[in-house]
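J.: Sequence:
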Amino acid sequence: MHNHSPLGDIPVFALYGETAQWPTPDLLHCESIAERSRLHDWHIRAHRHADLVHLLVLYEGEVELELEGSTRQTEAPLAIVVPPLCIHGFRFSPTIQGHILTLAAPLVDHLAKVLPEASRTWRRASVQPLPSGGASQRLIELVRHIDGEYRRPASGRDALLGALIQALTIEASRLAIGSSDNGSSDNGSSDNGNSATPHQRSRHHLRRFEALVEESFRHQPNIEELAAQLELSSAHLNSICRQQAGTSALALLHQRLLLEARRELTYTNLTIAQVSDGLGFSDPAYFTRFFKRLTGVSPSNFRKRQQRSPG
Numbered sequence: 001m002h003n004h005s006p007l008g009d010i011p012v013f014a015l016y017g018e019t020a021q022w023p024t025p026d027l028l029h030c031e032s033i034a035e036r037s038r039l040h041d042w043h044i045r046a047h048r049h050a051d052l053v054h055l056l057v058l059y060e061g062e063v064e065l066e067l068e069g070s071t072r073q074t075e076a077p078l079a080i081v082v083p084p085l086c087i088h089g090f091r092f093s094p095t096i097q098g099h100i101l102t103l104a105a106p107l108v109d110h111l112a113k114v115l116p117e118a119s120r121t122w123r124r125a126s127v128q129p130l131p132s133g134g135a136s137q138r139l140i141e142l143v144r145h146i147d148g149e150y151r152r153p154a155s156g157r158d159a160l161l162g163a164l165i166q167a168l169t170i171e172a173s174r175l176a177i178g179s180s181d182n183g184s185s186d187n188g189s190s191d192n193g194n195s196a197t198p199h200q201r202s203r204h205h206l207r208r209f210e211a212l213v214e215e216s217f218r219h220q221p222n223i224e225e226l227a228a229q230l231e232l233s234s235a236h237l238n239s240i241c242r243q244q245a246g247t248s249a250l251a252l253l254h255q256r257l258l259l260e261a262r263r264e265l266t267y268t269n270l271t272i273a274q275v276s277d278g279l280g281f282s283d284p285a286y287f288t289r290f291f292k293r294l295t296g297v298s299p300s301n302f303r304k305r306q307q308r309s310p311g
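In full-length UniProt numbering, the protein residues as written are 1 to 311.
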């Protein structure tokens with residue numbers, strides 16, 4: 001594993017093995033653990049995500065787990081939370097059964113606004129055994145329900161998934177997933193303290209930058225202006241983004257714009273001109289060029305594909 005590698009050697013992925021854009025207009029992704037790990041001989045090497053949260057729920061099997069350089073062997077039933085920027089890797093037994101649920105940062109931010117439990121649950125690394133019955137069983141049933149709903153096209157799918165994720169957040173909080181007393185790393189404990197390491201300070205700056213992007217991406221703010229709000233130079237901000245997220249500050253802003261564009265083209269009846277205007281583009285033609293440059297297809301063709309595809 002990559003226990004002693006410098007941070008720059010730890011790859012930043014959208015999903016493991018995928019350095020391209022987030023693969024879905026949904027703000028979540030759900031799959032069985034075996035689906036992806038089987039492709040990699042059950043070994044998911046150490047990596048990190050700039051703006052994704054993982055919840056792994058293991059029903060059967062064993063896993064060698066690496067979180068922030070600390071390795072441990074454990075077995076199901078188990079729940080694991082991996083917050084943004086947390087270096088993590090897994091070596092699963094071939095008998096593994098379970099699901100991995102991935103939440104995009106905008107969804108986690110939304111949850112934090114409506115549920116006080118969300119920040120405590122999803123922003124700290126944790127490993128939590130799942131005792132039989134009670135909240136553990138409800139959490140497992142919710143994850144399986146989410147997986148079924150995620151894969152199946154049906155009326156009200158988006159609304160139901162949102163409700164299920166809120167319920168999952170509450171049940172996870174009740175199980176104390178994300179508590180800091182379970183021997184797991186607290187991914188945000190001292191990032192801004194006087195004793196913080198340079199790596200922790202960089203993480204803190206990236207989180208603040210992502211929060212500013214979330215507040216203002218529809219206005220397409222100037223990167224220099226955002227850097228000034230963080231009391232950083234634009235060059236320093238770019239260096240932090242490349243080190244922590246594997247890409248530039250402008251690319252992170254563009255990724256957020258693209259995610260919203262894909263969602264609006266998929267889930268609303270807004271015209272392309274309305275989507276363009278709502279995302280701060282002065283001309284629909286410029287929006288079309290932007291979208292095609294990042295996805296390889298025009299907004300209109302993307303919408304047609306989404307209308308034809310199930311789910």
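For the record, the hints were derived by calculation from the structure and aren't laboratory data.
For each residue, glycine too, the CB sits at the ideal point set by N, CA and C.
Just to be clear, a hint being listed does not mean it is correct.
To be verified - Pair ranges (Cβ atoms, derived):
{"no.": "1", "residue 1": "Pro129", "residue 2": "Ala235", "range": "41 to 47 Å"}
{"no.": "2", "residue 1": "Glu75", "residue 2": "His199", "range": "19 to 25 Å"}
{"no.": "3", "residue 1": "Pro221", "residue 2": "Glu60", "range": "44 to 50 Å"}
Stated by the list, open to error - Below, a list of computed lysine to any residue pairs in the SDA-like style, where the Cα atoms sit at most 20 Å apart:
{"no.": "4", "residue 1": "Lys304", "residue 2": "Gly280"}
{"no.": "5", "residue 1": "Lys113", "residue 2": "Arg174"}
{"no.": "6", "residue 1": "Lys304", "residue 2": "Lys113"}
{"no.": "7", "residue 1": "Lys304", "residue 2": "Ser282"}
{"no.": "8", "residue 1": "Lys113", "residue 2": "Leu28"}
J.: Does each hint fit the structure? Answer for all of them.
T.: Hints, one by one, checked against the model:
A C-beta distance of roughly 46 Å is found between Pro129 and Ala235, which places it inside the suggested range of 41 to 47 Å. Look at Glu75 against His199: about 31 Å separates their beta carbons, and that is not inside 19 to 25 Å. About 48 Å separates the C-beta atoms of Pro221 and Glu60, a value consistent with the hinted range of 44 to 50 Å. For the hint pairing Lys304 with Gly280, the CA-to-CA distance comes to about 23 Å; that exceeds 20 Å, so the pair is violated.
Proximity of Lys113 to Arg174 is assessed by CA-CA distance (about 18 Å); at most 20 Å being required, the pair is judged to hold. Pair hint Lys304 plus Lys113 does not hold up; C-alpha atoms about 33 Å apart against a cutoff of 20 Å. Proximity of Lys304 to Ser282 is assessed by CA-CA distance (about 24 Å); at most 20 Å being required, the pair is judged violated. Only pairs whose Cα atoms come within 20 Å are accepted, and Lys113 paired with Leu28 is accepted, the gap being roughly 17 Å.
In summary, the structure is inconsistent with hints 2, 4, 6, 7 from the numbered list given earlier, while agreeing with the others.
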